[in-house]
Amino acid sequence: MALFKKKQKFVPSGVDTTAEAAVTPDKAQPFVELGLKLEEYARIREILGRRPTSSELAMYSVMWSEHCSYKSSKIYLRQFGEKVTDEMKKDLMVGMGENAGVVDIGEGWAVTFKVESHNHPSYIEPFQGAATGVGGIVRDILTMGARPIAVMDQLRFGAPNDPDTARVVHGVVDGISFYGNCLGLPNIGGETVFDKVYQGNPLVNALSVGALRHEDLKLAKASNPGDLVILFGARTGADGIGGVSVLASETFDSTGPAKRPAVQVGDPFAEKVLIECCLELYHAQVVAGIQDLGGAGISCATSELASNGGAGMRVQLQKVLKRDESLTPEEILMSESQERMMGIVPKKDLKAFEAIVNKWEVEYSVIGEVIGEDRLYINWGEEEIVNVPPRTVAHDGPVYERPVAFPSYQDALNNDTVHSRGLYRANDNSSELAAQLVQIVSSPNQADKGWITNQYDRYVGGNTALAQPDDSGMVRVSEETGLGISIATDANGRYCYLDPYQGARLALAEAYRNVAVGGAKPMAVTNCLNFGSPENPEVMWQFKQATAGLADGCLELGIPVTGGNVSFYNQTGDVAIHPTPVVGVLGVIDNVARRIPSGWQDEGHNIYLLGVTKDELDGSVWSEVIHGHLGGRPPVVDLGFEKQLGDALAAASEQGLLASAHDLSEAGLAQALVECTLRFNMGARVWLNEISERDGVDRTCALFSESTGRVLVSVGREDDVKFVGLCEARGIPVLRIGVTDNSGQLEIQDIATWQLSDLRGAHEATLPELFG
Amino acid sequence: MTIKIGVVTFPGTLDDRDAQRAVRIAGAEAVPLWHADANLHKVDAVVLPGGFSYGDYLRCGAIAAQAPVTAEIVKAANGGLPVLGICNGFQVLVEAHLLPGGLIRNEKQHFICRDQRLRVENVNTPWTNQFTQNEEITIPLKNGEGGYIANPETLKRLEGEGLVAFRYLDSNPNGSMNDIAGLRNERGNVVGLMPHPEHAVEPGFGPDSSVAMKSGIDGLKFFTSVINSLVNA
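So the protein lines, in turn, are chains A and B.
According to our numbering, the first sequence holds residues 1 to 772 in order.
According to our numbering, the second sequence holds residues 1001 to 1233 in order.
Any given hint could turn out to be false.
Said to hold, decoys possible - Straight-line distance between alpha carbons at most 30 angstroms, and here's what the computed DSS-like set of lysine-lysine pairs gives:
1. A/LYS521 to A/LYS196
2. A/LYS359 to B/LYS1042
3. A/LYS89 to A/LYS37
4. A/LYS521 to A/LYS83
5. A/LYS449 to B/LYS1108
6. A/LYS521 to A/LYS614
7. A/LYS359 to A/LYS521
8. B/LYS1108 to A/LYS359
9. A/LYS90 to A/LYS722
10. A/LYS90 to B/LYS1042
11. A/LYS196 to B/LYS1004
Said to hold, decoys possible - For the chain B half of the interface with chain A, some residues (derived, Cβ under 10 angstroms), not all of them:
12. ARG1017
13. PRO1032
14. TRP1034
15. ALA1038
16. LEU1040
17. HIS1041
18. GLY1050
19. PHE1052
20. LYS1108
21. HIS1110
22. LEU1155
23. GLU1159
24. GLY1162
25. HIS1199
26. LYS1214
Just so you know, the hints here were simulated from the structure itself, not pulled from any lab data.
A virtual CB, placed ideally from N, CA and C, is assigned to each residue, including glycine.
Sequences are here, hints too, so could you generate the full structure?
Pasting the structure below:
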């Protein structure tokens, strides 16, 4: 085609070409500055049989970065694909390795969901970092052929009183609000945690979920020679150049240079138009393959499309539409400008493609074509600047088995328990226990998150069935039948620090339970694994333990991991964050009208506690807020019981026996009681003595223990006998601990009685006071 | 007869599918109207839904006010066509001078999404005739630039002539002058408001009500009102 004119003979031109590379083998190249190790550089030379051109070096360096290549995590991520049964795979339409996993939810519908980190950019430039985090994950979902239907965010900030925290909180929340609201995607929930371990390295994870008809599934591959390679959406600019390799591979160091220019800038309006445009392109069936441009930009999209499709590609880089004409070829290849997509379009469909992008006023340019040869050629005018096997860039990056070491502090940490310390319990002093309850539910991590979530649109789309502060977010997929999905995400960095293997299983158990209490059936798992430096053997041990815990846990529960993301180098100086594997569980519900509310709505209902309470306060909110302590071992997880509990809830829900259900986790029963009353302003009278008698625990444990496998439900009197019978038949410990009433009060017998308005004041005032 | 209600989509419009659903639930046919198409396709009424038309660059609603379809809407509105502007649609109506005043950044600078109580203060419009005078309703509010402003003379006229159609109850969410949530024009056919009636039309997906979670459908009367007035016209 006219895009490529062959140059007749070699003339040095200022651009580093393959011809020049062949004749200047000894030219010094800045591979170290680009984040490559000497061995990695040597391997590139070996693959190519010459030194790489500067463009090739840029491509390899960014694609072989930790962020893109998963070089330190790959050997551990494999187990998510190995520790599975055929039964677990039966509803999986696309597994790990694609942009996002795809799950068959029935009735011809499928959903795709994924969570990704944007931690480092969000510390440097919180607003744009968080905004483009949302934009990036939404494009991943769009790339699968799905209409994005919701977003969620998992946020971890430094200490609430640190002066820098407000900067990050305001920027991140504003960025998510700005971008997500403008995209028209309901924000249905998420997490917000404050802990000083995240002070110099906040975690900003973004999740998106999309729905598609089975036949609309798209894959990122270019397989048919002759198909056109079309770049469309926003123009390519100088933003985010090297963002992936520079930002994701380096740890923050206060003495380093300012890195602001490496952060991408987002335009949600452009993305909204791009979403509608892509969905119309899919509907017209004019794209054979599609890939979004995120980390590593054109380098990633061209090499992955070609490698996935088992084909090659010829690209004319001068055809790329630019915001800045002075961009060099290397910069164009590395640019992470947002809101761009690369489509593979059969020539016969070009006219139809053009009509649709023109309708949406989206700019595009044909930059190349697919070829049968296993080679990626990129030209700059007449000069050839890239000539590589695409697979070596996209998929055959280095794989490391990093050294692993049991942390030197671990035994001492585990031996430093709530008991060994003899931490004071106010069991004999009711007013002190009452004061602790208020102190806990108004502490920043336990306080109402409305100040954040009320800045996000949860209504748009008209399909939101559950959202914050409910345990999970739920959206309707089919308006005809009410078929819907729900998602909950969880991670407890404190537990993972005490025991990363159990900590990951605890996060899985909690997310599973949160989906179950909403009335949905858990189906699949995604994750975002936030850890310190993989070059630190103790961090690598945490990673190894957490991934094993998660994979083993999924096998026990019988639900597969469909995809995920790894974020390493989350640390300030040498101090790593707590290991924070965010686990997301996707559930399916046949009709969202059947969903279970998370709080009490009617008076005179009986309140039941399901599950057993143990003396498990190590790592708890109580140990943190009341005693400032972190040590010991996290609560025991029994995933077999979690499954049994989830099945019992599903059965009870199907029989219409549950008026509400709420999971017990952080801050235990105390937190759940307060949330259940405040959700719809319904009072209650509750007693603890039977918990203490049956389970042999003191009042501090009854209120604040974080034992797993527990749920608080309310049941109408007419359903009482049936409900208790159902629990007993299924081996679920069930105990009536109270009754709802219209008193406007929460009474916990022998401890205190609070006006709901006072509890609400305490629970809701904290974040506005800190950040309002 | 089937009442046809047009729902406009500008690039960046977000609540168009919600508004179409609301129209259908109320019993009318929803007709999509495209921003670049200067043609109202013989609809009986028009809804300008919420969103960020053209990215809300320049000023909210300012570019949409210049769109080909908007010119047709202005012409038809001046001839009496019922027009409802919701959120960004209200901003467009103000920018197109179909309603007076302006909308600025919320007082506290944050986008705010919450279930909002309103008082319906004018029921003599095609969009509010199914409400009772001073009826208190709850529908979702979600905006970043919903602070209503107008000069003293305009405010005096709006209050004096009873053109304030909706007023915020409880706390004013965005610093709007006189707690104004929405307006009607002199003729009554053009109504604009910041809160979102189309998000309170279907049990299970609206605001919480005293009856059950997310079961509030106070917004439905906007759409049944217009159908009622068109059927009886």
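query: Of the hints given before, which are not true for this structure?
result: 1, 3, 7, 8, 9, 10, 11, 13, 15, 16, 17, 22, 23 and 24
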